[in-house]
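Student: For reference, the chains in residue letters:
There are 2 protein chains.
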Amino acid sequence: MEFSALLTSAGINIGVCVLFLSLYSVLRKQPHNFGVYFGRRLAEEKFQRQDDYFSFERLLPTAGWIVKAYWCTEEEIRQVAGLDSVVFLRLFIFSIRIFSITSLVCIFGVLPVNYHGKEMTHQHIPAESLNVFTIANIVEESPKLWVHCVALYIITISACILLYNEYKYISRKRLAHITGGPPNPSHFTVLVRSIPRSENELLDDTIRNFFVNYHGSSYLSHQMIYRKGHFQKFVDRAERAYRRFVRVRLSVSERNGRSSLSRCGVCGVKASSFQLYRNKFIEAKKSDLTNPEVVEAQKNCPGALVFFKTRYAAVVASQVLQSSNPMLWVTDLSPEPRDVYWSNLWIPYRQIWLRKLATLAASVVFMFVFIIPVAFVQSMMQLEQLKKMFPNLRGLLNKSFFARVVTGYLPSVVLLLSLYTVPPLMMLFSSIEGSISRSGRKRSACLKILFFTVWNVFFVNVLSGSVLNQLNVFTRPKDMPSMLAELVPKQATFFITYVLTSGWASLCSEILQVYNLVYNFFSKFICCCKQNTEYVYSFPYHTEVPKVLLFNLLGFTFSIMAPLILPFLLVYFCLGYLVYRNQILNVYYPKYEMGGKLWPIMHNTIVFSLVLTQVIALGVFTIKHAPVATGFTILLLVGTVLFNEYCRHRFSRIFEAYSAQDVIELDRDDEQSGRMHEIHQHLLDAYSQTPPGEGSSRAGSQVPIELIMEDPAQEASESSQELCDTVQEVSDAINEHITEEKVHSV
Amino acid sequence: MEFSALLTSAGINIGVCVLFLSLYSVLRKQPHNFGVYFGRRLAEEKFQRQDDYFSFERLLPTAGWIVKAYWCTEEEIRQVAGLDSVVFLRLFIFSIRIFSITSLVCIFGVLPVNYHGKEMTHQHIPAESLNVFTIANIVEESPKLWVHCVALYIITISACILLYNEYKYISRKRLAHITGGPPNPSHFTVLVRSIPRSENELLDDTIRNFFVNYHGSSYLSHQMIYRKGHFQKFVDRAERAYRRFVRVRLSVSERNGRSSLSRCGVCGVKASSFQLYRNKFIEAKKSDLTNPEVVEAQKNCPGALVFFKTRYAAVVASQVLQSSNPMLWVTDLSPEPRDVYWSNLWIPYRQIWLRKLATLAASVVFMFVFIIPVAFVQSMMQLEQLKKMFPNLRGLLNKSFFARVVTGYLPSVVLLLSLYTVPPLMMLFSSIEGSISRSGRKRSACLKILFFTVWNVFFVNVLSGSVLNQLNVFTRPKDMPSMLAELVPKQATFFITYVLTSGWASLCSEILQVYNLVYNFFSKFICCCKQNTEYVYSFPYHTEVPKVLLFNLLGFTFSIMAPLILPFLLVYFCLGYLVYRNQILNVYYPKYEMGGKLWPIMHNTIVFSLVLTQVIALGVFTIKHAPVATGFTILLLVGTVLFNEYCRHRFSRIFEAYSAQDVIELDRDDEQSGRMHEIHQHLLDAYSQTPPGEGSSRAGSQVPIELIMEDPAQEASESSQELCDTVQEVSDAINEHITEEKVHSV
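Each protein sequence line maps, in turn, to chains A and Z.
The end of the first sequence is residue 746 by this note's numbering, with every number in the run present.
The end of the second sequence is residue 1492 by this note's numbering, with every number in the run present.
Don't take every hint at face value.
[Said to hold, decoys possible] Pair by pair, the computed Cβ-Cβ distance ranges are: (1) A:459 with Z:757: 51 to 61 Å; (2) Z:943 with A:678: 20 to 30 Å; (3) Z:813 with A:360: 50 to 60 Å; (4) A:118 with Z:1118: 53 to 63 Å; (5) Z:843 with A:172: 51 to 61 Å; (6) A:169 with Z:943: 47 to 57 Å; (7) Z:1118 with A:388: 23 to 33 Å; (8) Z:1197 with A:678: 56 to 66 Å.
[Claimed, not checked] These stretches of chain Z come out as covered by chain A in the derived footprint (C-beta under 8 Å, 3 or more residues): (9) 1065–1073; (10) 1094–1108; (11) 1395–1409.
I should point out that these hints are in silico values taken from the structure, not numbers from a laboratory.
Quick caveat: nothing in here was measured; it's all calculated off a predicted structure.
Note that the Cβ used here is the ideal one computed from N, Cα and C, for glycine as well.
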């Protein structure tokens, strides 16, 4: 690819970006889009709904949102969107800082050296091949390689210093988050699984006896987890549908003063028709408690939540091995109430190791199967091959502009589209894995997608070239550095366009929320579902974090090989910082808190990127016969590994466990202020096993809101698709129920 | 190699074994060798020293020791030699069982199939090449490969069943060991390292304040660990020498009623001359406590032993993260008093991760450097190459018998000798690593030697062939199975002779204790050191466990490839069982207890052997074009991995931590029986930081012997070499001291 083709590609993308951002600034001012662009604010109901008057201003693109996003402080973001958003934005800050330094060093130091690497007559720059700007242009045994080695040192050392400071900063934030927040019921609660069954006593008694016996001084009470039978599932589903309709009705009547009778746009069932069913089944459930069926159900109980009097007691109970059989009485600190992944709690504990292995195997298999579309993308880069595959398009492809678009733009679009299938699948794998919390599931999916992205976007694209047959290169790890060194500069073109298309374009699609916009439009004006504006999404860390980390990886690995990628990346990070700040402030609602646990993943990936960069540099210096530079790079490699080990020892346990010192101090504060008794009283209500809506409506009247921290928007979080499904299921179930009753009465 | 060469080699070895065992049965009856062959019994002083009369019987070889070793029960062994010996012998029992099954299956099932694999006219069996008995004799696509697949299934399934039972049995033994033994001070003690220094208060107060503040209800007291200065080292050394001489004098006078004046055979310094120094320095030490120098020393203290009132409190304190900075207040459950590796406690905690990485790197480097002697050994196997290398020996090598000895016997002797350098080096690495206990150091060395042995004896010998240049095969992991499949049968000859030489011969050398015998002879009759008989060694698990595990690995991997190795292995295991039982009962004295923690290492290695066997079989089936058998082997492979994962989840934590249930029950028992107070009183005395001798002599009068469990033989354990060194050092130090005093007075 020539420099001019790159400029074409950049031009298209800049145009697209400007267009989309302007479009966004217009669309966000349209009141009927408030649900799409101000989901979080609507959910918190602080956002004043403006009247629907028309003004010409609404059609003018403005940049006010950028200013608002930029001037918001970190503390404000933490308060409205939680620590995880702060951590995510810190990743952008880190990236901007390190790539500013890298760009300075590489554009002004390395790029001219590359350009004048070979004795040659240079053409006019736009007509120059991009290879001229890469390290491939340096001749062997050139003393100029010293510049690259020094640049590598500067980049690595600045990255390490910045990483260390970030890790320190975020650990401090996490500690402040743990100790500073309102009392959290999850700190007092331990999830016990794999409880041994006894013939003589009820499981309920077994649990009580065990904890009274061994943790008598600190045991408060416990709550069993029931695996739901079909009957109960039906009750729950009916209740959920009922509650949703009641809530919808209330909010509608409060706001609009309209009739309380509202209809679902699609199915047209009256909301009040569920009221009867609710009362009926609630009573049925209560009478069940003396039923032998319940006793039977108790025996099948997969676990229990045990509440302790102090946080310290809960931490101790969760960390110490309870029984001499490690497969019995398995304890974990419970997730927050809104974070518990109930349906996974019903999985018997002894299945979990098997599930983990199975999903690991499935993920690995999927990673390798996915090579096929990637190879297809790569083959599109070769114009000649493309002409063979599609002889009809030969005429079109012979035109210069189309050829540029096809080789420079289309391949990464195809890759991007095929990548869209990955997150839902990985999320499914992580659900099957058996994580007890939603945040754990998301973190696990994040890791899987990260491995997947790095493998399939970076390694496969770099190594396979266009030929799938070359895959046996993966089986020779020793030759890896020199192979990477040969192939990475060659792929610079592809990755620069990848940054443009996948990076910039994904930011535009992120801020425009294309899918939701279209969905909102259809549901509002075609299906007449007026209430869908309330559905808010939680931030998709599992897709966004791997994306940003991949761009970090690209930035580091290409920094000294092909520095031309750096300005595009820097623009991506700056734009991304503003866009995600805006989205976090306006669109996404934090449904649960991971407490900054994503940072260790980010840190490790960045260190991995640094190490990979050094390994590739090692290969380059070996190929170019620069033994002294090779030696210095090995030194740097060892230093980077040592740095990572130090960080792991210094910080990683902070993200895994609570320290005795902190929790004891918290316990003392609460005891001295007399709040402890109040906390104990409300612990039992905090975890309601019925779906969250009922819990929150019951808890709302009894429990101080900061204790439970149940968000009103949680109920609204499921998409309206699910709502329609539920209604459908409920009506089916009612029909079944009626049929069954008829059968019984016959 | 022909079958007859193998028989020659076996014949030589059987002869050598019979000779050595007879020699042993004679030598053990000579009173002047009692110190060599009955070290443990002498140390426990239960062994009645026979009078030194001469009888003709003493010169007759007998087999009485075999009978005695065989009839001893496991419980007796546990009582006299600890749980670790039992675990070690269980490894032999497991090996005998599994290789009996394997021999049955492979000798009667697989061997005839291999022999009749190709249509060929068989020669007289002794003249047959050994290759005829290996799987290399089977033609491609032969249906006979089914026999191998079935044999593999039988071997794997029986191995898994036996392994599971052993793991279960040993976990039960370990739990019984923890709960059944006398109160162990290490259960109440936590080692705290990396204590933050405060400007305003003494470290002593910092520790007390921290534990009273956060573990007030269970904190009992603490004891600081001092890093010894030069002065204190001198005092210690003098004291140690003094004590040794006093003890020697006492025991001599008690037993023989001889003069109390005894001289060291080599250096001839009077023992009583240290008495003066002792008193002087002890007083000097006491007055130091009010000295600002001590305050300074306290500031440099690397850690402390903190005693708790209950075992549960200690377990909790050791497992819970103490401070929000994970590098401060690092807690570990303390090792047993006799197991503490004091000099490593003085290492600052923040160095330890660096030391671990450094020793890991050093071990890996050493593993690869060691390939050079191995390659030399392999080149000796090629007769032609040998003739080229040593043209002078051509005449000798042309003789058939010499050629057989050189190709069949000498290579493994060379390998064996070069392997003798490994254990001391690995032990040194493990010391540098910074383990806080002697047992931890030994376990770490055991792991290192295990990796080393498997890599250098098995992989390098199999893969390198004779050519060091083929080393690049290691860099292609994908081709590994088929490569192994091709190479393993070819190396069968070498490994059969390896079993004969390294296996059988090492057992002979083990039972004869050649080194100690010679040393004893020299020291008794040439240096006149009469008291050396008391030195007893602890069992060298770090060298013996890897050896036995290597033979397991060889047995499994060659079982279906070259079944001829199995009878030799079975003989090795049976003989080894008897020999080690005898040695454990008579020779070695357990200085500390690992509590069976070696079993997980053994289990994992055996599972690794099974997996390796299956991978090689996979390669064989692929080469021989038997796709269905390949499929079934993959199934078996997955099954084995799942089995290992299950065992890890089910058992491994038992070997890492104490369970709350167990320790709370123990605490309650002690409280109810009123022993707790007594235990608390003696906790402080249990850990004496001065070398063990003094501790035991002080403790002997005050503390119930079962509480402290300090063995009288510990002091005697260091070899007399060290004693002479110490005396030398002390006299040097005295000279220095006198010179210094002179300088000061001037």
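Student: Please go over all the hints and tell whether each is borne out by the structure.
Tutor: Quick rundown of the hints versus the structure:
no.: 1; hint: A:459 with Z:757: 51 to 61 Å; result: holds, 57 Å
no.: 2; hint: Z:943 with A:678: 20 to 30 Å; result: violated, 40 Å
no.: 3; hint: Z:813 with A:360: 50 to 60 Å; result: holds, 53 Å
no.: 4; hint: A:118 with Z:1118: 53 to 63 Å; result: violated, 43 Å
no.: 5; hint: Z:843 with A:172: 51 to 61 Å; result: holds, 57 Å
no.: 6; hint: A:169 with Z:943: 47 to 57 Å; result: violated, 25 Å
no.: 7; hint: Z:1118 with A:388: 23 to 33 Å; result: violated, 53 Å
no.: 8; hint: Z:1197 with A:678: 56 to 66 Å; result: holds, 57 Å
no.: 9; hint: 1065–1073; result: holds (count 9)
no.: 10; hint: 1094–1108; result: holds (count 3)
no.: 11; hint: 1395–1409; result: holds (count 12)
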